[in-house]
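Okay, here's what each chain looks like letter by letter:
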Amino acid sequence: MTTTVKAPAADERLLHRSLARRLMGRPELGSVVGAVAVFLFFAITAEPFLRPSSLSTVLYASSTIGIMAVPVALLMIGGEFDLSAGVMVVSAALISSMFSYQMTANTWVGVGVSLLVTLAFGVLNGVLLTRTKLPSFIITLGTFFMLTGLNLGFTKLIDGTVSTKSIADMEGFDSARTLFASHLTLGSVDIQITIVWWLALVAVATWILLRTRVGNWIFAVGGNADAARAVGVPVTKTKIGLYMGVAFAAWISGQHLLFSYDAIQSGDGVGNEFLYIIAAAVGGCLMTGGFGSAIGAAVGAFIFGMTSKGIVYAQWNPDWYKFFLGAMLLLATLLNAWVRKRAEDKS
Amino acid sequence: MTALVELDDVSKFYGNIKALEGVSLDVHAGEITCVLGDNGAGKSTLIKIIAGLHQHDAGTFRIEGEETRLASPREALDRGIATVYQDLAVVPLMPVWRNFFLGSEPRTGVGPFKRLDARTMRETTRSELLRMGIDLRDVDQPIGTLSGGERQCVAIARAVYFGAKVLVLDEPTAALGVKQSGVVLKYVAAARDAGLGVVLITHNPHHAYLVGDRFVLLKRGTMAGRHAKSDIALEELTRQMAGGSELEALSHELARAATPEFPGGHRPE
Chain Z
1 MTTTVKAPAA DERLLHRSLA RRLMGRPELG SVVGAVAVFL FFAITAEPFL RPSSLSTVLY
61 ASSTIGIMAV PVALLMIGGE FDLSAGVMVV SAALISSMFS YQMTANTWVG VGVSLLVTLA
121 FGVLNGVLLT RTKLPSFIIT LGTFFMLTGL NLGFTKLIDG TVSTKSIADM EGFDSARTLF
181 ASHLTLGSVD IQITIVWWLA LVAVATWILL RTRVGNWIFA VGGNADAARA VGVPVTKTKI
241 GLYMGVAFAA WISGQHLLFS YDAIQSGDGV GNEFLYIIAA AVGGCLMTGG FGSAIGAAVG
301 AFIFGMTSKG IVYAQWNPDW YKFFLGAMLL LATLLNAWVR KRAEDKS
Chain D
1 MTALVELDDV SKFYGNIKAL EGVSLDVHAG EITCVLGDNG AGKSTLIKII AGLHQHDAGT
61 FRIEGEETRL ASPREALDRG IATVYQDLAV VPLMPVWRNF FLGSEPRTGV GPFKRLDART
121 MRETTRSELL RMGIDLRDVD QPIGTLSGGE RQCVAIARAV YFGAKVLVLD EPTAALGVKQ
181 SGVVLKYVAA ARDAGLGVVL ITHNPHHAYL VGDRFVLLKR GTMAGRHAKS DIALEELTRQ
241 MAGGSELEAL SHELARAATP EFPGGHRPE
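So the sequence lines, in the order shown, correspond to chains Z and D.
Take the first sequence: its position 333, counting from 1, is numbered 333 in UniProt numbering, and each next residue is one higher.
Take the second sequence: its position 111, counting from 1, is numbered 111 in UniProt numbering, and each next residue is one higher.
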């Protein structure tokens, strides 16, 4: 199973670089080692963990975090944070739900409006950051609280309660559910559509990072923004684009949330932004920017999925789950730092 | 022959602070113009004007005879002015080849499948560096693993490759040892021989005199002197650079302490 998340073939590399050293230089290495360890651990301690149905549950849990972890990883490579990512997911869901309901419009209209407004949140984060030159931690901490307040405030103002009304009987609901919250059956295994979204995002993000000009710019603005600006890289546009990427993924996640339940709790999403950051950091993204990978972040999300469900399968008290998550973050980050140091010493 | 870059009586103010006042210099193809000055003399401000990061407030700035006001570093690059900064020339964690092409990446393919031409990028980086005498065993290594001198050379090779007509070098030897400085100066001379006009910013008159054709001395934001190499000897350049009379005062001060108390009370017999 872990073979699906192996590092991509390092094509066209010069031959005289040893395989071991090439592997050591990859940002994903630490997370892959961690994923194998976690997998083996639960495979041994939790008997139901290896069943196909468990696999699909684990992958589903991984994908809900993974969809957000990918753009958050790109943003971290670009040297910034987004603490508003968690509540932005709920904002995206609330907007499309309430717009469709209040305007009695086709659900797809709400979905479209939600996409535009959520992307505008991303632009706002990016523009505030690049205009004020304040740390992204502060900017997005501000927008995090503002969105949290807006989610609650508007929902109560419009619907009178903290959750939205069901839109399940509205026109377009079923087709939208197919796109955002359905599942496919592959043999005896249920594949949630979010897994497809997740893997597609990982593929696109990896392509962008490693094979396009924009990818080069993302590494550069995170690694040394002044040097990048001096050689003509559009630093501001790159950063705004990265925030829009996070917003786009928040829109996908939000629609999934909405169409899997048909109503939304306006207070949800708080705290999830840390899960995304943990997945990206475990996956080898440097907190200071300029280094990391989308595949690593996917592996990080997979570790998250395995841990959250593995604890249940092992029939432990799930209260311990967050402790494991924190410990995992520390261990993985230490391992990553150690691996990178060794790789750099040898080159 | 028109100068590639010509500043005439250029000034720059930040609020009510005069960062630069009445500075003139010219840069010709195949020549090196050295800008000398102590810390705070206005060297950085001068670079930023030529590199397009800041605009001048008075005087004229001509590129190949045409009066201009650069809006951005990108525009400066498009007009053939490449600037290599001492500390921010490269992105340390990125591979050498990605750094070499940063901001001007070649691409292949069509439409949404347009991608970096990684093969060409790697091969060109290798051959261009080899042409300047740097034999890297691996262009995939992070550029941060190269020595300071090598990094400067990569940045210079990059500017030459991208068809710069004018190369602005900000203290390329400041953080380097004697041998590394020599290597960098060799590449500066190589860029000059390739027909580029070079602006070499430094506070080391010895390095400047080795390669320079013209010298501009800055002091507290104003121009303290402007000489061609034929008009000035190294000793005079060094004296002016060190501040002439200030140096005499300093030597006087130091002379008074010629028989110091040795710490620890041990006097040499």
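Don't take every hint at face value.
What the hints assert, rightly or not - Some chain Z residues close to chain D (C-beta under 7 Å, calculated; not the full set):
(1) 227
(2) 230
(3) 248
(4) 337
(5) 341
Think of the hints as simulated: they come from the structure by calculation, not from any bench.
C-beta atoms are modelled at their ideal positions from N, C-alpha and C, and glycine is treated no differently.
These are the hints, each one checked on the structure:
no.: 1; hint: 227; in the structure: 4 Å, holds
no.: 2; hint: 230; in the structure: 6 Å, holds
no.: 3; hint: 248; in the structure: 16 Å, violated
no.: 4; hint: 337; in the structure: 13 Å, violated
no.: 5; hint: 341; in the structure: 12 Å, violated
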